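Protein chains in written order, with my numbering: chain G, 111 to 383; chain D, 38 to 334.
If you are wondering where the hints come from, they were derived from the structure by calculation, not from laboratory data. Just so you know, these numbers come straight off a predicted model, no measurement behind them. Where a beta carbon is used, it is the ideal one built from N, C-alpha and C, also for glycine. Keep in mind that the hints are not guaranteed to be accurate.
[As the list claims (entries may be wrong)] No more than 30 Å apart at the CA atoms, straight line, and that leaves these computed lysine-lysine pairs for DSSO-like: (1) G:K273 / G:K112; (2) D:K111 / D:K243; (3) D:K49 / G:K273; (4) D:K327 / G:K382; (5) D:K111 / D:K49; (6) G:K273 / G:K116; (7) D:K238 / G:K204; (8) G:K382 / D:K243; (9) D:K238 / G:K112; (10) D:K52 / D:K41; (11) G:K273 / G:K204; (12) G:K116 / D:K238; (13) G:K204 / D:K41; (14) D:K41 / G:K273; (15) G:K273 / D:K111; (16) G:K382 / D:K111; (17) G:K116 / G:K204.
[What the hints assert, rightly or not] Facing chain D, according to a computed beta carbon distance under 7 Å, are these residues of chain G, among others: (18) I139; (19) I143; (20) F171; (21) I192; (22) F203; (23) P206; (24) T228; (25) L257; (26) I307; (27) N315; (28) A365; (29) L372; (30) V373.
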Amino acid sequence: MKSILKLVFVIFITIIVIFPVIWIISTSIKNPIDIFTIPPELVPPNMTIDHYSILFNELGFLEYIRNSIIVTVSTVIVSLSIGMLAAYSLARFKLPHNLNYQISFWVLSTRMFPPIVTIIPLFSMLRLFHLINSRTGLIIAYTAFNLPFAVWMMRGFFAEIPKELEDAAMVDGYSRMGAFWNIIVPIARPGIIATAIFILIMSWNEFLFALILAQTKVSATLPIGVASNVTQYQILWGRLSASGVIAMAPVLIFAFLVQKHLVRGMSMGAIKG
Amino acid sequence: MNLKALSRWTEKELKYLLLVPTILLLLILTVYPLIFAIIASLHTINIRTGERSFVGLKNFIQIISDNLFWNALKNTAIYSGVGVTVEFAFGLGLALLLNTRLAGRNIFRALLLTPMMLPPIVVAVIFKIMYIPDFGVLNYLLGLIGIKGMIWEASVKTALFSLIILDIWEWTPFMFLILLAGLQAIPTDPYEAAIVDGANKFQIFKFITWPLLIPAVLIALLLRLMDTLRIFDQVFIMTGGGPANATETISLYIYRHAFRFSNIGYATAMSFIMLIITVIISNVFINRLKAEEVFTL
Numbered sequence: 111m112k113s114i115l116k117l118v119f120v121i122f123i124t125i126i127v128i129f130p131v132i133w134i135i136s137t138s139i140k141n142p143i144d145i146f147t148i149p150p151e152l153v154p155p156n157m158t159i160d161h162y163s164i165l166f167n168e169l170g171f172l173e174y175i176r177n178s179i180i181v182t183v184s185t186v187i188v189s190l191s192i193g194m195l196a197a198y199s200l201a202r203f204k205l206p207h208n209l210n211y212q213i214s215f216w217v218l219s220t221r222m223f224p225p226i227v228t229i230i231p232l233f234s235m236l237r238l239f240h241l242i243n244s245r246t247g248l249i250i251a252y253t254a255f256n257l258p259f260a261v262w263m264m265r266g267f268f269a270e271i272p273k274e275l276e277d278a279a280m281v282d283g284y285s286r287m288g289a290f291w292n293i294i295v296p297i298a299r300p301g302i303i304a305t306a307i308f309i310l311i312m313s314w315n316e317f318l319f320a321l322i323l324a325q326t327k328v329s330a331t332l333p334i335g336v337a338s339n340v341t342q343y344q345i346l347w348g349r350l351s352a353s354g355v356i357a358m359a360p361v362l363i364f365a366f367l368v369q370k371h372l373v374r375g376m377s378m379g380a381i382k383g
Numbered sequence: 038m039n040l041k042a043l044s045r046w047t048e049k050e051l052k053y054l055l056l057v058p059t060i061l062l063l064l065i066l067t068v069y070p071l072i073f074a075i076i077a078s079l080h081t082i083n084i085r086t087g088e089r090s091f092v093g094l095k096n097f098i099q100i101i102s103d104n105l106f107w108n109a110l111k112n113t114a115i116y117s118g119v120g121v122t123v124e125f126a127f128g129l130g131l132a133l134l135l136n137t138r139l140a141g142r143n144i145f146r147a148l149l150l151t152p153m154m155l156p157p158i159v160v161a162v163i164f165k166i167m168y169i170p171d172f173g174v175l176n177y178l179l180g181l182i183g184i185k186g187m188i189w190e191a192s193v194k195t196a197l198f199s200l201i202i203l204d205i206w207e208w209t210p211f212m213f214l215i216l217l218a219g220l221q222a223i224p225t226d227p228y229e230a231a232i233v234d235g236a237n238k239f240q241i242f243k244f245i246t247w248p249l250l251i252p253a254v255l256i257a258l259l260l261r262l263m264d265t266l267r268i269f270d271q272v273f274i275m276t277g278g279g280p281a282n283a284t285e286t287i288s289l290y291i292y293r294h295a296f297r298f299s300n301i302g303y304a305t306a307m308s309f310i311m312l313i314i315t316v317i318i319s320n321v322f323i324n325r326l327k328a329e330e331v332f333t334l
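All chains, full assembly: derive it from the sequences and hints.
Have a look at this one:
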């Protein structure tokens, strides 16, 4: 009896969590007249893909998607490669003056910096190098912001690998970096992939930096595209919801892939879930 | 220097060399903005024309008498305080209830992670659609159980509250998952000993579960507090700070001054204050976390 009640409760919670997501999908394939019916219909009586075709054909959503993909993938590659090296050093070597500890917490503390505090100096710096409204500027900003996360996550994964593995490899003639690349990285691969997907999701979703640094068609990412459908005067709900669905679809797919590492990623590696 | 000597030097100094790129980037991210903020906050700067003049502490004095700044600070504090408290209460309750073997737990977890992975912009769009007053689904559903519909984010009275509901929907699963992981990391021996000693459920929670759960509690609260204090995206889309500044948050107010009014000096002065608040709060938590030895170094 008790376990049935529990199951009913879990199903109830799940519906609350999932319903809004279903609702936006349903709205995005409704004809404009069906969006406002009493009672509201969960399954549209006449489905349409008009909203999507307007976004792609008239409002340049292919360009937003292209920019989002380029910025996201580059951010993942750059922040992983830089962060991986620092993470390895912090996980493996004993630095003097307790530097491992100091640097680790300094890296963590940068995660606490509010983006609005960083963005004004960053904006003036990027403008100096003519990197406003360019994808490169956005990639630099995102890399700086995701780096602390990359270092913290991978430091944890590397620390779990026994030291003896590299020692043995180095006896066999590998250099330190050779051992790192050929032995450690392959073993840590699941963790590295999970870290990559987290960075991917965070960059894909980012809005404030994009709003300030990338307003033109050559640089604006999907969240900017979605926001452009919210105007003060009249909101076209079908179009708006379709743009939301486009922006969230890839993230949901990737989120399922990191499920196993979710808790660890969400807590900066502090809690192993 | 020949190649061999170079490679020997590289191997010897490797532990530092590996850290160089990260440290450089983080200096640019943290130390440079800090210096910039201190200098800029003492000036009046127009970002468009490039005019800049030294004004001393004028910006800070102006902030003290700026009612809109205090309003934004108040809204942020309410958003953060109410949002995180409710999320924590719900999350802890759910975690304690469901800390058992449950049929289909993996599916449940996969579905639960949906809201927090969505782009915040999209979450705001979803709620904007559900909050539509006359034909919106939320007012309709409330009508079914006899609650009168509201105009949600369009009314001064309910706007902030409507945004907090959105935050609770988006982030309660996060609290739940972190606290559940914390609960599951607790070994079973102390419980067995307590049951042998005849402890009741409340005593078990107070003396065993809670102390061992503290690290998870701290990290969950820290990360959520930091995220709510900087809240921007959802407010920008949902209300833009309105109606009548009822949902203006610190980030939004700073953004407006910096990038709409080109008032860089004033905006950085405010961001400096925001940074100090953030550093104080996060340090309280980070020091506790250090004491609890949560981060294995």
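Now the hints, each set against the structure:
1. About 48 Å separates the Cα atoms of K273 of chain G and K112 of chain G, which puts this hinted pair outside 30 Å; it is violated.
2. Restraint check for K111 of chain D and K243 of chain D: the C-alpha separation of about 33 Å exceeds 30 Å, so the hint is violated.
3. Between K49 of chain D and K273 of chain G, the direct Cα distance comes to roughly 18 Å. Compliance with the 30 Å bound is thereby established for this hinted pair.
4. A distance of roughly 17 Å separates the Cα atoms of K327 of chain D and K382 of chain G; the hinted pair therefore holds under the 30 Å criterion.
5. Of the supplied pair hints, the one linking K111 of chain D and K49 of chain D is violated, its CA atoms being roughly 54 Å apart against a limit of 30 Å.
6. Restraint check: the Cα-Cα separation between K273 of chain G and K116 of chain G comes to about 45 Å, which exceeds 30 Å; the hinted pair is violated.
7. Proposed proximity of K238 of chain D and K204 of chain G is contradicted: the alpha carbons are some 45 Å apart, above 30 Å.
8. Taking the CA atoms of K382 of chain G and K243 of chain D, the gap is about 23 Å. The hint holds against a cut of 30 Å.
9. For the hint linking K238 of chain D to K112 of chain G, the alpha-carbon distance of about 17 Å falls within 30 Å, and the restraint holds.
10. Our distance criterion of 30 Å between C-alpha atoms is met by K52 of chain D and K41 of chain D, whose separation comes to about 19 Å.
11. Restraint check for K273 of chain G and K204 of chain G: satisfied, since their Cα atoms lie roughly 13 Å apart, inside the 30 Å limit.
12. Straight-line distance between C-alpha atoms of K116 of chain G and K238 of chain D comes to about 19 Å, which keeps the hinted pair within the 30 Å bound.
13. Taking the CA atoms of K204 of chain G and K41 of chain D, the gap is near 25 Å; set against the 30 Å cutoff, the hint holds.
14. At roughly 26 Å between alpha-carbon atoms, K41 of chain D and K273 of chain G fall within 30 Å of each other, so this suggested pair holds.
15. This hinted pair does not check out: K273 of chain G and K111 of chain D have alpha carbons roughly 51 Å apart, beyond 30 Å.
16. The suggested pairing of K382 of chain G with K111 of chain D is violated, with an alpha-carbon distance near 35 Å, which exceeds 30 Å.
17. Using a Cα cut-off of 30 Å, the hinted pair K116 of chain G and K204 of chain G is violated, with the two alpha carbons roughly 50 Å apart.
18. A least Cβ separation of about 13 Å between I139 of chain G and chain D goes past the 7 Å threshold, and the interface hint is therefore violated.
19. About 11 Å separates the beta-carbon of I143 of chain G from the nearest beta-carbon of chain D, more than 7 Å, and the hint is not met.
20. Taken as an interface hint, F171 of chain G does not check out: its beta carbon lies about 14 Å from the nearest beta carbon of chain D, beyond 7 Å.
21. For I192 of chain G, the suggested interface contact is upheld, since its CB lies about 5 Å from the closest CB of chain D, less than 7 Å.
22. Hint status for F203 of chain G relative to chain D: holds, with the closest Cβ pair at about 4 Å, below 7 Å.
23. Nearest Cβ of chain D to the Cβ of P206 of chain G: about 10 Å, over the 7 Å cut. The hint is violated.
24. Satisfaction of the interface hint for T228 of chain G is found here, the shortest Cβ-Cβ separation to chain D being roughly 5 Å, below the 7 Å cut-off.
25. Because the beta carbon of L257 of chain G sits about 6 Å from the nearest beta carbon in chain D, less than 7 Å, this interface hint is met.
26. Nearest Cβ of chain D to the Cβ of I307 of chain G: about 10 Å, over the 7 Å cut. The hint is violated.
27. Taking 7 Å as the C-beta cut-off, the interface hint given for N315 of chain G holds, the closest approach to chain D being about 4 Å.
28. Interface hint status for A365 of chain G: upheld, as the beta-carbon distance to the closest one in chain D is roughly 4 Å, under 7 Å.
29. Checking L372 of chain G against chain D by beta carbon gives a least distance of about 6 Å; that is within 7 Å, so the hint holds.
30. A cut of 7 Å between beta carbons decides the hint on V373 of chain G: the least distance to chain D is about 4 Å, and the hint holds.
In this structure, the hints that do not hold are numbers 1, 2, 5, 6, 7, 15, 16, 17, 18, 19, 20, 23 and 26, in rising order.
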